[in-house]
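Q: Chain by chain, the residues run as shown.
2 protein chains.
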Amino acid sequence: MSAKAGPSGTLSYEQSGVNYDLIDPLKVAAQRAAAATAVHLAAHGFSEVKASRGESAYVVDVGPFYLASIVECLGSKSLVADEMHRLTGRTWYDAIAQDTIAMAINDLITVGATPLIVQAYWAAGGSDWFGDAQRAQALVEGWKRACDTCGVAWGGGETPALAGIVEGGRIDLAASCTGLVNPKERLSVGDALAPGDAIVLLASSGIHANGLSLARKLVERLPQGYLTPLDDGTPYGEALLAPTLLYSPVTEALYKAGIAPRYCANITGHGWRKLLRHPAQHTYRIERVPPVTPVLQFIQRHAAQDDREAYSTFNMGAGFALFVKPEEADRTVQVAQAQGIDAIVAGRVEAGPKQLLIEPLNIRFGDEDLQLR
Amino acid sequence: MSAKAGPSGTLSYEQSGVNYDLIDPLKVAAQRAAAATAVHLAAHGFSEVKASRGESAYVVDVGPFYLASIVECLGSKSLVADEMHRLTGRTWYDAIAQDTIAMAINDLITVGATPLIVQAYWAAGGSDWFGDAQRAQALVEGWKRACDTCGVAWGGGETPALAGIVEGGRIDLAASCTGLVNPKERLSVGDALAPGDAIVLLASSGIHANGLSLARKLVERLPQGYLTPLDDGTPYGEALLAPTLLYSPVTEALYKAGIAPRYCANITGHGWRKLLRHPAQHTYRIERVPPVTPVLQFIQRHAAQDDREAYSTFNMGAGFALFVKPEEADRTVQVAQAQGIDAIVAGRVEAGPKQLLIEPLNIRFGDEDLQLR
Numbered sequence: 049m050s051a052k053a054g055p056s057g058t059l060s061y062e063q064s065g066v067n068y069d070l071i072d073p074l075k076v077a078a079q080r081a082a083a084a085t086a087v088h089l090a091a092h093g094f095s096e097v098k099a100s101r102g103e104s105a106y107v108v109d110v111g112p113f114y115l116a117s118i119v120e121c122l123g124s125k126s127l128v129a130d131e132m133h134r135l136t137g138r139t140w141y142d143a144i145a146q147d148t149i150a151m152a153i154n155d156l157i158t159v160g161a162t163p164l165i166v167q168a169y170w171a172a173g174g175s176d177w178f179g180d181a182q183r184a185q186a187l188v189e190g191w192k193r194a195c196d197t198c199g200v201a202w203g204g205g206e207t208p209a210l211a212g213i214v215e216g217g218r219i220d221l222a223a224s225c226t227g228l229v230n231p232k233e234r235l236s237v238g239d240a241l242a243p244g245d246a247i248v249l250l251a252s253s254g255i256h257a258n259g260l261s262l263a264r265k266l267v268e269r270l271p272q273g274y275l276t277p278l279d280d281g282t283p284y285g286e287a288l289l290a291p292t293l294l295y296s297p298v299t300e301a302l303y304k305a306g307i308a309p310r311y312c313a314n315i316t317g318h319g320w321r322k323l324l325r326h327p328a329q330h331t332y333r334i335e336r337v338p339p340v341t342p343v344l345q346f347i348q349r350h351a352a353q354d355d356r357e358a359y360s361t362f363n364m365g366a367g368f369a370l371f372v373k374p375e376e377a378d379r380t381v382q383v384a385q386a387q388g389i390d391a392i393v394a395g396r397v398e399a400g401p402k403q404l405l406i407e408p409l410n411i412r413f414g415d416e417d418l419q420l421r
Numbered sequence: 049m050s051a052k053a054g055p056s057g058t059l060s061y062e063q064s065g066v067n068y069d070l071i072d073p074l075k076v077a078a079q080r081a082a083a084a085t086a087v088h089l090a091a092h093g094f095s096e097v098k099a100s101r102g103e104s105a106y107v108v109d110v111g112p113f114y115l116a117s118i119v120e121c122l123g124s125k126s127l128v129a130d131e132m133h134r135l136t137g138r139t140w141y142d143a144i145a146q147d148t149i150a151m152a153i154n155d156l157i158t159v160g161a162t163p164l165i166v167q168a169y170w171a172a173g174g175s176d177w178f179g180d181a182q183r184a185q186a187l188v189e190g191w192k193r194a195c196d197t198c199g200v201a202w203g204g205g206e207t208p209a210l211a212g213i214v215e216g217g218r219i220d221l222a223a224s225c226t227g228l229v230n231p232k233e234r235l236s237v238g239d240a241l242a243p244g245d246a247i248v249l250l251a252s253s254g255i256h257a258n259g260l261s262l263a264r265k266l267v268e269r270l271p272q273g274y275l276t277p278l279d280d281g282t283p284y285g286e287a288l289l290a291p292t293l294l295y296s297p298v299t300e301a302l303y304k305a306g307i308a309p310r311y312c313a314n315i316t317g318h319g320w321r322k323l324l325r326h327p328a329q330h331t332y333r334i335e336r337v338p339p340v341t342p343v344l345q346f347i348q349r350h351a352a353q354d355d356r357e358a359y360s361t362f363n364m365g366a367g368f369a370l371f372v373k374p375e376e377a378d379r380t381v382q383v384a385q386a387q388g389i390d391a392i393v394a395g396r397v398e399a400g401p402k403q404l405l406i407e408p409l410n411i412r413f414g415d416e417d418l419q420l421r
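For the protein sequence lines, the chains are A and B, in the order given.
Residues 49 to 421 in this note's numbering are what the first sequence lists, from first letter to last.
Residues 49 to 421 in this note's numbering are what the second sequence lists, from first letter to last.
With the rest of the complex left out, here is chain A (with noise of 0.2 Å):
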């Protein structure tokens, strides 16, 4: 890992440890690989849905619905919940379990699909992994609830002990998803944005499962460590912890109340540069921006990051974008706080070069800041 903080002090997401720049070949030749694939729907009647190619899930017309399918990974979340575990004698098992499903389930749903099935994969570092019962307990009692939560059936999985690959003592959580889009007129993959179109931001949690890397390097700058403090006397660790709110109920009551968003960003890795996801040229123009939460504000006053930083890597208090048309807008945050997650109409769509503008920090990010596919 190259870990050196910047001249200026500030810790960036790149010195964290994870180079892109060695991923992003890779992933380039699979994108291409896969995408050559498709053609063997067409023997079973099927086609894939191009547009969803380099989204968030992929999508198979099958007929009468769609089906949406996804894996997903945790990331490195678990490791803060080791460390707390160590210095709190606390399990925070059932919280990361939450945290893997959402991952899951928050990228599926962007497309328009009710998720109904997942698959659990954790993959410990040695058989032993699976001997503390109680962490045992919490993970699988957390990922129920969070199946339940989102009404979604979990159909089973795989526990495989990887000693050798897995380090000892860890584990490598991911989930695997599969949904429908029904009726298909659910579908978000985005050909209906248009301008005029208002952005509402779903509040987050905290930090979600995105930028862990970075919120672990942070801790050697801090005098107690995960056990510091915020400002409402919270550890650190503790509130990385707060588990990545699930956004389905969202959508599937939105459905329920005849709104169809044109499009929809999982704010993840990215961070709010995930706005800019859409293919077209559309200027995004933010008026609006939620409240941070504290373990972020927390991480960007010690990163000494500043906004454009801050809001390029972290969600900062917005984990999911609904893009929706304009008169649809407050209805979209009530049905969203009647779920029990605040929402703003944080800005809207307009004609112009691909950017995205966020006044009230001043920062404009364009279409070089993000290069997905």
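In case anyone wonders, no lab produced these hints; they're calculated from the structure.
Any given hint might turn out to be false.
The list cannot tell twin chains apart, which means a pair is met if one copy fits it or any two copies do.
In the EDC-like style, the derived pairs of lysine to aspartate or glutamate whose C-alpha atoms are separated by at most 20 Å in a straight line are [as the list claims (entries may be wrong)]:
{"no.": "1", "residue 1": "Lys-304", "residue 2": "Asp-378"}
{"no.": "2", "residue 1": "Lys-232", "residue 2": "Asp-109"}
{"no.": "3", "residue 1": "Lys-75", "residue 2": "Asp-142"}
{"no.": "4", "residue 1": "Lys-402", "residue 2": "Asp-415"}
{"no.": "5", "residue 1": "Lys-75", "residue 2": "Asp-180"}
{"no.": "6", "residue 1": "Lys-265", "residue 2": "Asp-176"}
{"no.": "7", "residue 1": "Lys-98", "residue 2": "Glu-407"}
Owing to the predicted nature of the structure, the values given are computational and were not obtained by experimental measurement.
Following the hints, complete the assembly by docking chain B onto the known chain A.
A: Just chain B now, with coordinates in the frame of chain A:
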């Protein structure tokens, strides 16, 4: 790892480091919690196929067809590929890519599903794993080729860099797969299985991807380690890396030939005991066994295993079992052979206590020898 050989010099699977006594309580708790989530499907107008709980793939009735899904892990075969790369300079990641997809596909088809979509889960021990362009390219190419063989669309996936969770220089490979049972009559979760049905065994290519912990442990006993030649001169490590056969071309060809298996068993962990997978009380009488692949003969000899131990651990030449109506047995063999996969009519299902009788080897496995649910 408890790595000592038994008193007689025999190396058993339990001695190779995986302790199922630690994993099984978690599995049982997870299966119970998972089963309790099936009720959620009713809110969407759907229901689970209850008989698929505990089977190799989870099946949901979504109206016009059944939806089947799964996530599966390669296991520790990548460690053999890494070591053979060190010894020979050649990459085997194209081969183990096929293994990974086979783990998912060969399980999914047991329920009668046509696999449609595969997602890749490639979790590396750090971004630098992806810096070896030759290895990364082999992984992509092998993955695509396996998708081509099975006629599935590669939807996308996840390529996280998980330093601190996955060991440096290693990768955790897994695949999720979604398919349809279409028409619904293709469902083969086993209600139809009955005395008189024939057991057709499809050939394996070698060890496939189960029993690798033992196969790796065995290397310590071999004079030239992974380079120790088999009788035919092939180095042991290379023989281990023969990729798992993909059986979906056979099951798809059977459907086109009008043959609907009553039940299927993918012969993976627990070796031939998987023939006892069906929950009903039947006796399975095997009158012919297929030839044992050279690498499995070699392992059995050097691990000093008797036949009972070997057949309870490895596939011993049979990678997949099809239970078909007796009058369709010969045609099933022909259809498999037309797809380039050898097959034999090995025996039949009989009324009687739950047991597997491998007559040519005088082996009996009872219900107590396989507890998966």
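Q: Each hint should be assessed against the structure and marked as holding or not.
A: Against the structure, the hints come out as follows:
For a Cα distance limit of 20 Å, the shortest separation of Lys-304 from Asp-378 inside one copy, 16 Å, qualifies, whereas the shortest one across copies, 54 Å, does not. Within a single copy, Lys-232 and Asp-109 get their C-alpha atoms as close as 9 Å, and across copies as close as 18 Å, so both meet the 20 Å cut-off. Proximity of Lys-75 to Asp-142 under the C-alpha cut-off of 20 Å is restricted to the inter-copy arrangement: shortest distance 16 Å between copies versus 32 Å within a copy. Taking the shortest alpha-carbon separations for Lys-402 and Asp-415, only the intra-copy value of 6 Å comes in at or below 20 Å, while the best inter-copy value is 64 Å.
When the C-alpha separation of Lys-75 and Asp-180 is checked against a cutoff of 20 Å, the pair qualifies only between copies, where the shortest distance is 13 Å, while the shortest distance within a copy is 36 Å. Taking the shortest alpha-carbon separations for Lys-265 and Asp-176, only the inter-copy value of 18 Å comes in at or below 20 Å, while the best intra-copy value is 28 Å. For the homomeric pair Lys-98 and Glu-407, neither the shortest alpha-carbon distance inside one copy (34 Å) nor that between copies (54 Å) is at most 20 Å.
The earlier numbered hint that this structure contradicts is number 7, and it is the only one.
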